[in-house]
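Working from the sequences, and respecting the hints, build out all of it.
The chain contents come next:
Protein chains: 4
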Amino acid sequence: MAELTEKVRAFARERDWEQFHTPKNLAMALAGEVGELLAELQWLTPEQSATVMTDPDLGPRVRAEIGDVTIYLVRLADVLGIDLVEAATDKLAEAGRRYTVEAARGSADKINTKI
Amino acid sequence: MAELTEKVRAFARERDWEQFHTPKNLAMALAGEVGELLAELQWLTPEQSATVMTDPDLGPRVRAEIGDVTIYLVRLADVLGIDLVEAATDKLAEAGRRYTVEAARGSADKINTKI
Amino acid sequence: MAELTEKVRAFARERDWEQFHTPKNLAMALAGEVGELLAELQWLTPEQSATVMTDPDLGPRVRAEIGDVTIYLVRLADVLGIDLVEAATDKLAEAGRRYTVEAARGSADKINTKI
Amino acid sequence: MAELTEKVRAFARERDWEQFHTPKNLAMALAGEVGELLAELQWLTPEQSATVMTDPDLGPRVRAEIGDVTIYLVRLADVLGIDLVEAATDKLAEAGRRYTVEAARGSADKINTKI
Chain A
6 MAELTEKVRA
16 FARERDWEQF
26 HTPKNLAMAL
36 AGEVGELLAE
46 LQWLTPEQSA
56 TVMTDPDLGP
66 RVRAEIGDVT
76 IYLVRLADVL
86 GIDLVEAATD
96 KLAEAGRRYT
106 VEAARGSADK
116 INTKI
Chain B
6 MAELTEKVRA
16 FARERDWEQF
26 HTPKNLAMAL
36 AGEVGELLAE
46 LQWLTPEQSA
56 TVMTDPDLGP
66 RVRAEIGDVT
76 IYLVRLADVL
86 GIDLVEAATD
96 KLAEAGRRYT
106 VEAARGSADK
116 INTKI
Chain C
6 MAELTEKVRA
16 FARERDWEQF
26 HTPKNLAMAL
36 AGEVGELLAE
46 LQWLTPEQSA
56 TVMTDPDLGP
66 RVRAEIGDVT
76 IYLVRLADVL
86 GIDLVEAATD
96 KLAEAGRRYT
106 VEAARGSADK
116 INTKI
Chain D
6 MAELTEKVRA
16 FARERDWEQF
26 HTPKNLAMAL
36 AGEVGELLAE
46 LQWLTPEQSA
56 TVMTDPDLGP
66 RVRAEIGDVT
76 IYLVRLADVL
86 GIDLVEAATD
96 KLAEAGRRYT
106 VEAARGSADK
116 INTKI
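Protein chains in written order, with the working numbering: chain A, 6 to 120; chain B, 6 to 120; chain C, 6 to 120; chain D, 6 to 120.
The hints are simulated quantities; they were obtained by calculation from the structure and are not laboratory data. Take every hint as true, because none was put in to throw you off.
Simulated coverage check for chain D against chain C, where a stretch passes if three residues somewhere in it have a Cβ under 8 Å from a Cβ of chain C:
hint: 1; stretch: 18-31
hint: 2; stretch: 38-49
hint: 3; stretch: 60-73
hint: 4; stretch: 82-96
Glycine residues also receive a C-beta, built at the ideal position from the N, C-alpha and C atoms.
Structural data, given as structure tokens:
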């Protein structure tokens, strides 16, 4: 992950694109890529989406979109000075306190909130 | 990253939420979290967004949203069997072939396409 | 629609919020609201989503999110000087030429592209 | 607007695409189109975005994306049985009660919440 962060940083620096990489712009770019990912999955049933990686056309496209999303998320976190894994780990711990295993199990209501 | 993936997986399994975690549903959840991130940055100027982490209110909120986005991206990649870092590294290499350093430098046009 | 456009315009003007309503910012706000809409539907099956308006809790929430999305779309179009209905009608005509009824009927492939 | 709704409905019916047009799927398609709109604006400054319609390349592209977003929003509202203009008008009235003119004027804090 640290290596990827450095690669994306070098990619932007070499092309003189750092000037465009404000958090606001990068968040928009991240959302744009997530939009492309949604477009690949939008007409599939949930069941079809579960086997999408076995499709010779869709599989590589989904992987490529996941790659794009990751690039912009890594770049955004780098620009903000945030450690992605730490931020996620902290948030997961907080979610664990809010949705205890006991309360959540089998509860279709509880899942209608976010992690 | 591998550790985070395993933690998120355990989080879902313990709560019996795996049934909801299809790629389609998780992509929607990812997009929902990215929407919350955008909401934190939407009225800021690009310059204000560059220093958002120094704001005592906004900084932690942005970090929390980045954490949420990461959780769902990690979970989605896990369910799809995709290695996030590899997918991003491959995509970055492909982008490097499309936008060479020579062609891209100083080009405001080129940047108006995605990485 | 013209009346709604004028109401949203007056809403912004009265609060001195026009300064924040650039197309860039409004597009982010629109995306943020769409994210909230996705969050309401993300864990539902497609079948459950088809009857969401009969749910006493979810129905009004979905309607409210649709209202928010519409407000920002109307405001964005107003600021850009775009007539929403004309833009959509033109795009639909173009889509009709690309996806003819004959070619599209029963084709699960074709629908995996956008309107 | 009623005419557009009917046109989009006919478009889907003629192509036998109604089967794919669940609220869940349409919300994803809407988000995908909003993602394309964001992509057109992501590297522009807010000031550049304010004059985007005068750009001979970007202007028509932005208008086309606005058209796509509108098509899916109209279709989604139709499938849900929601009147878009009414839903937006109700929400705007509610927002007016929450953010009174007196409290909101000149307040950069207040705007950091949604309409």
